[in-house]
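Chains as they are written, first to last, in the working numbering: chain A, 126 to 372; chain B, -19 to 161; chain C, -19 to 161.
Under the rule of at most 16 Å between Cα atoms (straight-line distance), these lysine to aspartate or glutamate pairs were calculated in the EDC-like manner:
id: 1; chain 1: B; residue 1: K122; chain 2: B; residue 2: E94
id: 2; chain 1: C; residue 1: K122; chain 2: A; residue 2: E331
id: 3; chain 1: A; residue 1: K197; chain 2: A; residue 2: D158
id: 4; chain 1: B; residue 1: K35; chain 2: C; residue 2: E32
Honestly, the hints are just simulated from the structure, not real lab data.
Here is how the chains run, residue by residue.
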Amino acid sequence: MVREAPRLVLEAFEGPLQLLWHLIDRDQLNIYDIPIAHITEQYMQYLQEMEWQEIDIAGDFILMATQLVQLKLRMLLPKPVRDSDQEDGEDPRQELVDRLLGYRAVQTLAGQLEERASQHSVHFGRAVERGDYTVRAPIDCNAAQLAHLMGKVLTRAIPTHAHISRQQVTIGQCMRRLLVRLNNAWRRIRQGASFSQLVGPASRQEWVMNFISLLELIRRKKVRAEQAEPLTDIQIYPYRARRGISA
Amino acid sequence: MSDERELGQLAKAAVEAMLFAAPQPLTLADMARASGMPESQVHSALRSLQEEYAKQERGILLQYVGQGYQLFSRPEFSTMIQELGRQRQVPALSRAALETLSVVAYRQPITRAEVESLRGVRSDGTLTTLSERGLIAEGGRKDTVGRPILYVTTQQFLVEFGLGDLEDLPPLPEDPGPDEA
Amino acid sequence: MSDERELGQLAKAAVEAMLFAAPQPLTLADMARASGMPESQVHSALRSLQEEYAKQERGILLQYVGQGYQLFSRPEFSTMIQELGRQRQVPALSRAALETLSVVAYRQPITRAEVESLRGVRSDGTLTTLSERGLIAEGGRKDTVGRPILYVTTQQFLVEFGLGDLEDLPPLPEDPGPDEA
Chain A
126 MVREAPRLVL
136 EAFEGPLQLL
146 WHLIDRDQLN
156 IYDIPIAHIT
166 EQYMQYLQEM
176 EWQEIDIAGD
186 FILMATQLVQ
196 LKLRMLLPKP
206 VRDSDQEDGE
216 DPRQELVDRL
226 LGYRAVQTLA
236 GQLEERASQH
246 SVHFGRAVER
256 GDYTVRAPID
266 CNAAQLAHLM
276 GKVLTRAIPT
286 HAHISRQQVT
296 IGQCMRRLLV
306 RLNNAWRRIR
316 QGASFSQLVG
326 PASRQEWVMN
336 FISLLELIRR
346 KKVRAEQAEP
356 LTDIQIYPYR
366 ARRGISA
Chain B
-19 MSDERELGQL
-9 AKAAVEAMLF
1 AAPQPLTLAD
11 MARASGMPES
21 QVHSALRSLQ
31 EEYAKQERGI
41 LLQYVGQGYQ
51 LFSRPEFSTM
61 IQELGRQRQV
71 PALSRAALET
81 LSVVAYRQPI
91 TRAEVESLRG
101 VRSDGTLTTL
111 SERGLIAEGG
121 RKDTVGRPIL
131 YVTTQQFLVE
141 FGLGDLEDLP
151 PLPEDPGPDE
161 A
Chain C
-19 MSDERELGQL
-9 AKAAVEAMLF
1 AAPQPLTLAD
11 MARASGMPES
21 QVHSALRSLQ
31 EEYAKQERGI
41 LLQYVGQGYQ
51 LFSRPEFSTM
61 IQELGRQRQV
71 PALSRAALET
81 LSVVAYRQPI
91 TRAEVESLRG
101 VRSDGTLTTL
111 SERGLIAEGG
121 RKDTVGRPIL
131 YVTTQQFLVE
141 FGLGDLEDLP
151 PLPEDPGPDE
161 A
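Let the hints inform the model, and build the full structure from the sequences given.
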């Protein structure tokens, strides 16, 4: 049967309880006297018309559907012989009503919280990095520990990943090339060169390689590097500029 | 007598300096420890600062958030401050995440299953999001089968929502009951 | 007359609020633009704020630094503030987060996939944590399939680890390198 139904997206509802509230509000039903047969029918109709996009959420909707059908059956069946433990006249719908009311409370609270956050957001605290006397957020680690951890990562990584060793060869090449270019620049104009000049046009991959190479050259005291400010270009000089480059 | 006044003045200045410099709310204990003043003195300095800020038509105010004290700009100047490049920090949470957060806030400590039964939908995804955002955290395990994780809200939750304490949560909406319906 | 005084009071409060909350030093022009006040009014508000801070034994002071005005806590309280910094521990970074941070620090710019290949474990969670802590940031995209995000360390990383620059990172232990390899 092909039917032209409005295509409803399931995610429009956070869950089955929200869908039930939608139906209750739409049909102006009394929450304390829900016509179970009616609401079950409406609910099932919605489910059929909905687009099922996320299977997890669909499961929650289907679970509710089975609970509604069970409830409907209980309402239809003749009242069971009175259970001694059960109070006379207990409404089988009570649990559903409680859940619906609980859910509505949750929704109200969510709205109130959102409102609260919005009110608070016009209070600006200080922008923290500013000022000489500002407290620095301390970190339970220092740079030496970082190096130590990185060393561990490397020793762990090298034997298992073939491309790491390939990368190291490339770094060696990069280092030599950087040094040659720096050397040439120094001989020509007796000045250092900026990192971007030395690398020249290159892919991002090559930039990474060159930067690592630079760090390594600095560590080995082959070059000196200066950077006026973070993120500005790095000026590089031969480490022993007066005596020329040892490499 | 004048010594006492001077001491009070100094305490106030010290508290103001600490509050100004700290990147997060400070507790009485924090300030007492750092300054070497007794907590009672820090407390009275806080009170007179708060009064002064209110009385003197100042640009800043003192608030109790996240179980600590913090200075904020007065809300009536927020437009100017936004003009200068600050942005309002409203926690960008989906409706589902907000719902889950309010369930945890009001019912904590609470398990995932309990959250889901209240909301009627799976909530593992939103619980993970909220944990990653630092708004909720694990607060132990429930003593039942499977020892499920119990979730609680964090200090950051209080700070981001401008709440001093959990008692500052907006009141629960009242169930009107069948009579009034 | 009283109107004028009130206006002056309001201007002072506005200037204080802006200075307090702005992320960087503010110029007269900045404050005039943001508040809609004439520069002359901002200027006289600044002057009376400065006097007030000096006279009233406050915890903060106003200084003209570089090309702008900025609030600072008074230097005589800096010991207390350092003390506070020592006491208030931001939740320590997990071992996994530190490991990820060191990989980013030494190999930046680096993609998530590259971090994961080096560490041998999934690292999206720790990368998120580090971003939220302001220790790493996106530094462009890699020119490969999918144009993945490249991560770099931030200025804050340098500040928090007491590094002047990336070159100040300690040398790696026993990294064989091409020459010695």
